[in-house]
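Undergrad: Sequences and hints are given; from them, build the entire structure.
Order-wise, the sequence lines are chains R and B.
At position 200 of the first sequence (counting the first as 1) the number is 200 in our numbering, and the numbers step up by one without a gap.
At position 213 of the second sequence (counting the first as 1) the number is 213 in our numbering, and the numbers step up by one without a gap.
No lab work stands behind these hints, which were simulated from the structure alone.
Mixed in with the good hints there might be a few duds.
[To be verified] Think about it this way: if two alpha-carbon atoms lie no more than 25 Å apart in a straight line, the pair counts; the simulated DSS-like pairs of lysine-lysine are:
#, chain 1, residue 1, chain 2, residue 2
1, R, K22, B, K84
2, R, K56, B, K84
3, B, K139, B, K187
None of these values were measured; they are calculated from a predicted model.
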Amino acid sequence: MKEIIVQTTDLVKKFKGRPAVKSVNLSIEKGEIYGFLGPNGAGKTTTIRMLLGLMKPDSGTIELFGKNVKRSHLEALKKIGSLVESPSYYAHLTARENLEAIRKLIYVPKSRIDEVLSIVRLTEDADRAVKGYSLGMKQRLGIASALLGNPELLILDEPTNGLDPSGIHEIRDLIKSMPQQYGITVLISSHLLSEIDQMATKVGIISKGEMIFHDSIEALRNKAQTQIKLRVENAEQAKNLLLGKGFVLKQGDNALHLKDVRDHNVAKVINLLVQNGIGIYRVEEQRKSLEEIFLGLTDEGGAKHAKTSAS
Amino acid sequence: MLSSLIQTEFFKIRKTNILSLVFVSPILATMVGFSITQIEASPNDWVTPLIFMTFVHALIFLPLLIGVFSSFVCRYEHLHGGWKQLLSLPVRREQVYLAKFIVVISMIALNQLLFAAGWIGIGLVKGFSDPFPFEVLSKVLMGGWIATLPLAAVMLWVSMAWASFAAPLALNVIFTLPNILIANSEKFAPYYPWIQPFLTMVPPGEESWGALFVSFESIVFAIMGGFIIFFMGGLIYIRRKTV
Numbered sequence: 001m002k003e004i005i006v007q008t009t010d011l012v013k014k015f016k017g018r019p020a021v022k023s024v025n026l027s028i029e030k031g032e033i034y035g036f037l038g039p040n041g042a043g044k045t046t047t048i049r050m051l052l053g054l055m056k057p058d059s060g061t062i063e064l065f066g067k068n069v070k071r072s073h074l075e076a077l078k079k080i081g082s083l084v085e086s087p088s089y090y091a092h093l094t095a096r097e098n099l100e101a102i103r104k105l106i107y108v109p110k111s112r113i114d115e116v117l118s119i120v121r122l123t124e125d126a127d128r129a130v131k132g133y134s135l136g137m138k139q140r141l142g143i144a145s146a147l148l149g150n151p152e153l154l155i156l157d158e159p160t161n162g163l164d165p166s167g168i169h170e171i172r173d174l175i176k177s178m179p180q181q182y183g184i185t186v187l188i189s190s191h192l193l194s195e196i197d198q199m200a201t202k203v204g205i206i207s208k209g210e211m212i213f214h215d216s217i218e219a220l221r222n223k224a225q226t227q228i229k230l231r232v233e234n235a236e237q238a239k240n241l242l243l244g245k246g247f248v249l250k251q252g253d254n255a256l257h258l259k260d261v262r263d264h265n266v267a268k269v270i271n272l273l274v275q276n277g278i279g280i281y282r283v284e285e286q287r288k289s290l291e292e293i294f295l296g297l298t299d300e301g302g303a304k305h306a307k308t309s310a311s
Numbered sequence: 001m002l003s004s005l006i007q008t009e010f011f012k013i014r015k016t017n018i019l020s021l022v023f024v025s026p027i028l029a030t031m032v033g034f035s036i037t038q039i040e041a042s043p044n045d046w047v048t049p050l051i052f053m054t055f056v057h058a059l060i061f062l063p064l065l066i067g068v069f070s071s072f073v074c075r076y077e078h079l080h081g082g083w084k085q086l087l088s089l090p091v092r093r094e095q096v097y098l099a100k101f102i103v104v105i106s107m108i109a110l111n112q113l114l115f116a117a118g119w120i121g122i123g124l125v126k127g128f129s130d131p132f133p134f135e136v137l138s139k140v141l142m143g144g145w146i147a148t149l150p151l152a153a154v155m156l157w158v159s160m161a162w163a164s165f166a167a168p169l170a171l172n173v174i175f176t177l178p179n180i181l182i183a184n185s186e187k188f189a190p191y192y193p194w195i196q197p198f199l200t201m202v203p204p205g206e207e208s209w210g211a212l213f214v215s216f217e218s219i220v221f222a223i224m225g226g227f228i229i230f231f232m233g234g235l236i237y238i239r240r241k242t243v
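TA: What follows is the structure, given as C-alpha cells:
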C-alpha cells in the first residue's frame, strides 16, 4: 500500500447556498500524477483552494500527508508548491525579485532561484519587471514559484494556460519527469482532456461539483470503443445482407458501423459485400476519442451526447 | 517567521516611491511653521511654530497618509493574486497581518521623526533663545504616533477587505474631513479616532503646558479601546479571509 498524500472525504463548499463542490472524494498516492479534469466552473479551483487552506470547506475533511489539516495547514503547506488559477506575481518586481519575496519566507538557499529560473527557461528575462511579461512568461514564473521550495506535492491549476505549443510541451515534459526524478506527487487540473491524457497516471473527473470518475487513465481509455465504419453503395441493402448473416452492426451517418473489429470478421464482411456486388467506398477504423468519453461523462445524463454521436 | 515577513514587506515596497510620501507632510508643515511670526503671548518660542505645524500635519495629512500606507501595503496583494500566493505559503495569517501593520506604523514613525526634525530645524535657523522643550518633543513624537495606531489598524482592516485601492482612501477622506469640526467639540473629540493624532500633538493653552495634551479618558477610550477593537477585527478578518 502506497502512502496517501492527499485524501479528501465528502468535501462540500457552498457559495451563497449554491453548492460549488458537493461531496468530493479525492485520493492521491505518492508519486502519482493526478489529473483533475472538468469543464470550467465545475469546482476544480474551489477544491484546490480548500486543499491549500485558502478557503474553508463547509463540511468534509482534508488529510494532507496523512494528517487532518482542519486546525492548521502550516505543516502541510511547507511541503506543497502551488499555482492556483491565473499566475500570481508582483508586477513592479522582476522575476528574480518575485522569487526572492517567496524565498525569504520558505528558507531555501538563494541558489535555488537560479535553478528554478533555468528549469522554466526564464533566466534571460529574470531581471525584467514582470509587468512587461507575456502571459506565458508569467505562467512560467508561477511554475517556478511553485517549484521553489522543493515541494513534495505540487498543485498546479491549469498550468499550461497561455503557453504556446512549445511551452506546453516543455512544461508537460517537466511535470512528467517530476515523480521519477524527485519523487514529487503532482496534482494537475485542466479542462482539456488531451493534456491530462498525456501526463496523468490517474484521473478524477469533476462536473458540477461532483466527482463522476476516479480511476487510472487506462480505465478511462478502456471506455473508448473502436468500431469499423463502412461507407457503401447501397447501405440499406448491405445492412440487410449483413444482418441476415448474423453480423452485429448499426446504420447511421450514411454508413454502417461494425462492432466486431477483429481482422477475420472485417475480411468476411468485405468479402460478402464484394460477392454481392455492393460497391465499397470507405473502410475506416473509428476510435471514440477520450474527448468524446469526457463529454459523454460530463454531459447532463450523458445520453444526449451518445445519441448525437451515433446518429 | 515574523521578521522574514516584515523583511518581505519592505522588499516589496522597496522599489516603489511610496516612501517619498513620508516627506510631503513634514515639508509642508515646516514651510508653514517657518513662515509664521511669533505670537507674543507664547510661553516659549518653540510653541508657536509647533501649533501651526500640527494644524497642517496632524489634522489632515497624517490621517490621510495612514490610509495611503495601509492601502498601499495591500494593493500589490490585491492586484495580481498576491494574497493567494502569500497565504498558500507556510505562513501564519496573523503574522502576515502583523507584518503589514508593523510596516505601516514604521512609515508613520518615520513621518513623525521628519516632522520633529522640521520643527527643530525652524528653531535652529531662527535661533530661538528659549530652552528646547524636550518633554513636548517626546509627547509630540510618541503621543502622536501612538494615537495613529487605531487608525492604522482600522485602515489596514478595510484595505485587506476591499480589493480596490481607492475605496479605503475615499472612506478615510470622508472620516478625516470632519476633523476640522470635531477638533472644537469637547463632546466628540475624545472618542473620534481620526482626531486623536491632532489632540495628542497640539500644545494646549498656557495653564496645562507640559502636562498631558489629551485628557485621560480620551487616551483610554479612544486610543486604546479603538486600537484593541480595530486590531482584533483585522486579525479575525484575515484568519477567516477567503482567498
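Undergrad: Hint by hint, note whether the structure agrees.
TA: A quick look at each hint next to the structure:
no., hint, in the structure
1, R:K22 x B:K84, "holds (23 Å)"
2, R:K56 x B:K84, "holds (14 Å)"
3, B:K139 x B:K187, "holds (23 Å)"
Checked against the numbered hints given earlier, this structure breaks none of them.
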